[in-house]
Every structure is written in C-alpha cells, then in structure tokens.
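Q: Each chain, written out:
Number of protein chains: 4
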Amino acid sequence: MDDKTLLDTSGLTAALQRFADERDWNRHHSPRNLMLALVGEVGELAEIFQWLDDDAAMRLRDDPARFTHLQEEIADVLLYLTRLAMVTGVDLNQAVRDKMVKNAIKYPVP
Amino acid sequence: MDDKTLLDTSGLTAALQRFADERDWNRHHSPRNLMLALVGEVGELAEIFQWLDDDAAMRLRDDPARFTHLQEEIADVLLYLTRLAMVTGVDLNQAVRDKMVKNAIKYPVP
Amino acid sequence: MDDKTLLDTSGLTAALQRFADERDWNRHHSPRNLMLALVGEVGELAEIFQWLDDDAAMRLRDDPARFTHLQEEIADVLLYLTRLAMVTGVDLNQAVRDKMVKNAIKYPVP
Amino acid sequence: MDDKTLLDTSGLTAALQRFADERDWNRHHSPRNLMLALVGEVGELAEIFQWLDDDAAMRLRDDPARFTHLQEEIADVLLYLTRLAMVTGVDLNQAVRDKMVKNAIKYPVP
Numbered sequence: 001m002d003d004k005t006l007l008d009t010s011g012l013t014a015a016l017q018r019f020a021d022e023r024d025w026n027r028h029h030s031p032r033n034l035m036l037a038l039v040g041e042v043g044e045l046a047e048i049f050q051w052l053d054d055d056a057a058m059r060l061r062d063d064p065a066r067f068t069h070l071q072e073e074i075a076d077v078l079l080y081l082t083r084l085a086m087v088t089g090v091d092l093n094q095a096v097r098d099k100m101v102k103n104a105i106k107y108p109v110p
Numbered sequence: 001m002d003d004k005t006l007l008d009t010s011g012l013t014a015a016l017q018r019f020a021d022e023r024d025w026n027r028h029h030s031p032r033n034l035m036l037a038l039v040g041e042v043g044e045l046a047e048i049f050q051w052l053d054d055d056a057a058m059r060l061r062d063d064p065a066r067f068t069h070l071q072e073e074i075a076d077v078l079l080y081l082t083r084l085a086m087v088t089g090v091d092l093n094q095a096v097r098d099k100m101v102k103n104a105i106k107y108p109v110p
Numbered sequence: 001m002d003d004k005t006l007l008d009t010s011g012l013t014a015a016l017q018r019f020a021d022e023r024d025w026n027r028h029h030s031p032r033n034l035m036l037a038l039v040g041e042v043g044e045l046a047e048i049f050q051w052l053d054d055d056a057a058m059r060l061r062d063d064p065a066r067f068t069h070l071q072e073e074i075a076d077v078l079l080y081l082t083r084l085a086m087v088t089g090v091d092l093n094q095a096v097r098d099k100m101v102k103n104a105i106k107y108p109v110p
Numbered sequence: 001m002d003d004k005t006l007l008d009t010s011g012l013t014a015a016l017q018r019f020a021d022e023r024d025w026n027r028h029h030s031p032r033n034l035m036l037a038l039v040g041e042v043g044e045l046a047e048i049f050q051w052l053d054d055d056a057a058m059r060l061r062d063d064p065a066r067f068t069h070l071q072e073e074i075a076d077v078l079l080y081l082t083r084l085a086m087v088t089g090v091d092l093n094q095a096v097r098d099k100m101v102k103n104a105i106k107y108p109v110p
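Residue numbers (our numbering), protein chains in the order written: chain A, 1 to 110; chain B, 1 to 110; chain C, 1 to 110; chain D, 1 to 110.
Source of the hints: derived by calculation from the structure; they are not laboratory data. Keep in mind it's a predicted model, so treat the numbers as computed, not measured. Hints are not guaranteed to be accurate.
No distinction is drawn between identical chains; accordingly, a pair holds when it is met within one copy or between any pair of copies.
[To be verified] Restricting the straight-line Cα-Cα distance to at most 20 Å, the calculated cross-link-like pairs of lysine to aspartate or glutamate (EDC-like) are: (1) Lys106 x Glu72; (2) Lys102 x Asp91; (3) Lys106 x Glu22.
Required output: the full structure, derived from the provided sequences and hints.
A: Encoded structure:
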C-alpha cells in the first residue's frame, strides 16, 4: 500500500492552493494564523457535543440541520489542518501513513 | 470532479476501523471521547507554535526532530478527526467537497 | 501570603452555584460537558486573534466593540474553568498557589 | 457587591508580573503566544477526561496522582488566561462581573 492508497489529499491541496491564490489569501496563511483558525473551528465542533449525552451524540444524523452543521465543522477543521500542513511543508499523506505505522508498533494487536 | 478526486480517505477509514476492531477499541470511541482526544492533540500541535515567531514557524522543516514532531501531531489530529467523522456517520470526502463549494460561494473570487 | 491573598474566587464560586441552582443547571454540568463548553469558549477567544499580527493583537483596546468581545470571551473561559474546578472538587485558589510555587522551583530566577 | 467581592485576582496579577519580570519573559508574552500556550494547557486538561465516563470523571478526587494532575492543568489554564488578560489590558475581575450580569439577563430565573 503506497501513501496515497491510504489517504489522497492531492486534489484538495491543489484546490486549496488555487482558492488562496485567487483571493490573495496566502499572506494571511501563516502557520500561527492557521493554527489559531484551526482552534476556532475545533471550538465550534466541540460546542455541538457540549450538552449531549453519548446517546444523543451518536444520533446527530437524525437531525438534518444539526447533522449539516456537524459536517461543516468537521470539514472546516480538516481544511485548516490541511492548509497548516501545506504551509509548514508537511506531506499529510505520508505523515498519516508514518503515524499509523508507529501506532501499530506502539499498540500491538493483543 | 467527484468527491474522491478531491479527497480520498477510504483507505484510511478502512485501516482505522480494522485497527480499532483488532484492539477492541470501538467501545472507547464514542463521539465525545474522540472529541476530547482531538482537543488533546490540537493542544500538542499548538504547543509547537506557542513561542515561535512567524519566521521560525515557517522554518520548522530545518529542524528534523521538531519537524517529525510536527508531522506526528498533524497526523494525530487528522486520525481523531477521521474517526470522529466515522462514528458520527459523516462522509468526510463529501463533507469537505460540500464545504469547498459553500466557501466558493461565500467568498467569490474578487 | 495565604491562598486567598493570591486569588480569591470564593464570591464567584458562590455566585455560580446559585446561578446553576436557580436554573436547574447542575444536571447539565458534568465535568465532560463543562470541558467541552470550555473548549468552545477557547475557540471563540482564539478566533479574535486568528488574523491579527502581534501589533494589532496588542491594540484590541483601541476598538471598543472588539475589546468588549475580548472581555466577554476571556470571562466565559474563566467561568467554565471555575465551574469545572467546582464540580471536580478542585480548590482553584489553592491549585493556583501550588502551581505558582512549583513554577518558581522549576524556573528559578536566573 | 464590588468587582473584587466577586473575584479578586489582584495578588495573582502582581505575582505573575513579578515572575515574568524576574525571568525576562515579557518579550515572550505576546497575546498570540499566550493564546497558543493556553490552547496547549486546555489540551492537557482535555486529555485527563478523554477516556473517562461521567462517573469516573466525577471521581478523580479518589486518585491522588490524577487529582494532582487535574489541579495543575486547571491552574495552568488559569495562569495563561490571567496573563493573556493582563497583556491585552482586560480587567479580569470586571470582565467576569460584567459577563455574570449579562448572563443573568440572557438567562432569567424561570
């Protein structure tokens, strides 16, 4: 299995770069700006779960408006994380693959 | 462009499911547990940047030990985010695609 | 210096307890709910700083609307943190004092 | 009730300023650095709760080592939050009092 068989973000990174280029946003996308923006989105994601018990958290799909909101916040976290990887020079596909290998060694199958 | 041309997490979601199954971890992976674990990893990622100025944050690649740490923390955030999407029933590829479309409408090219 | 000379949250903890009692909110204030709510507020606080350079971040006082927003988000983080300490049985004043002592040992004056 | 009857952080802010002065740390304590450091500590706090059910989260006091860890992480969040308020010019006592008044209006006693 090569890196992209596990995860392929190449289309997304190209689309995000084009999106930033077209809007002249690269100058705003410093690592620390993106890090803080990521934290903002993680906060919005956490708010979805804050007053739910575990059962209700599992049944968000049953409420279309909240489920759409959940989808959007999860996507926002991924978008900023991908962008943070891009500007710091991290190959997200390889990073994920390397971490999966490391986790498999750290937590062997019992 | 279909969803998986933008982003393809299908190999990763299969690998993460197998990883959890083999270790009997599914019972620990409630949405709220995964949300808190995600916050923990975001905190570790933020710590990398906390005392750096913008220039130093852009040059993490020049320090192999710190860059490996950066790669691992970015990967950890992605792994928990993917797992959170899985257990809440969110199709990450479609969610990202939908959000990119929404962002393109919200922020038209000037 | 006793604990309350350093920090005195006794009025606040009494006010927060009364506030929760009067609204029947204690049943919502589990540690994990409060932790997630705290993350939500930290996200809102981070958003204030996400696109600012360090100079602009220092001059938030010059913009009354944004400064009021900053005051509110900082307060929200403190309120949930205090409440989290309360429900887990942590004496915030003593915890802060103990940590200050520990920090003074860990980071001696050069 | 005046501001300091609700919350009195005056001793703590003085101690934190002296601590930073003695170690020449003020130059590191920009708002954004402190914000990221705060996120790091919130992440460490979240990790304490990530695999616990609500019952176990309520019983952290029964485990002295984990309870000490909880106390320290709660204190760390408060210390960075107080320092962030200091460098941005926010009066924490007044901010908390104003927010309590606002919350009482927003959520009237039923």
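Q: All hints are to be evaluated individually against the structure, with a verdict given for each.
A: Against the structure, the hints come out as follows:
| no. | hint | verdict |
| --- | --- | --- |
| 1 | Lys106 x Glu72 | between (33 Å within a copy, 14 Å between copies) |
| 2 | Lys102 x Asp91 | within (16 Å within a copy, 26 Å between copies) |
| 3 | Lys106 x Glu22 | between (43 Å within a copy, 14 Å between copies) |
In the structure shown, no violation is registered for any of the earlier numbered hints.
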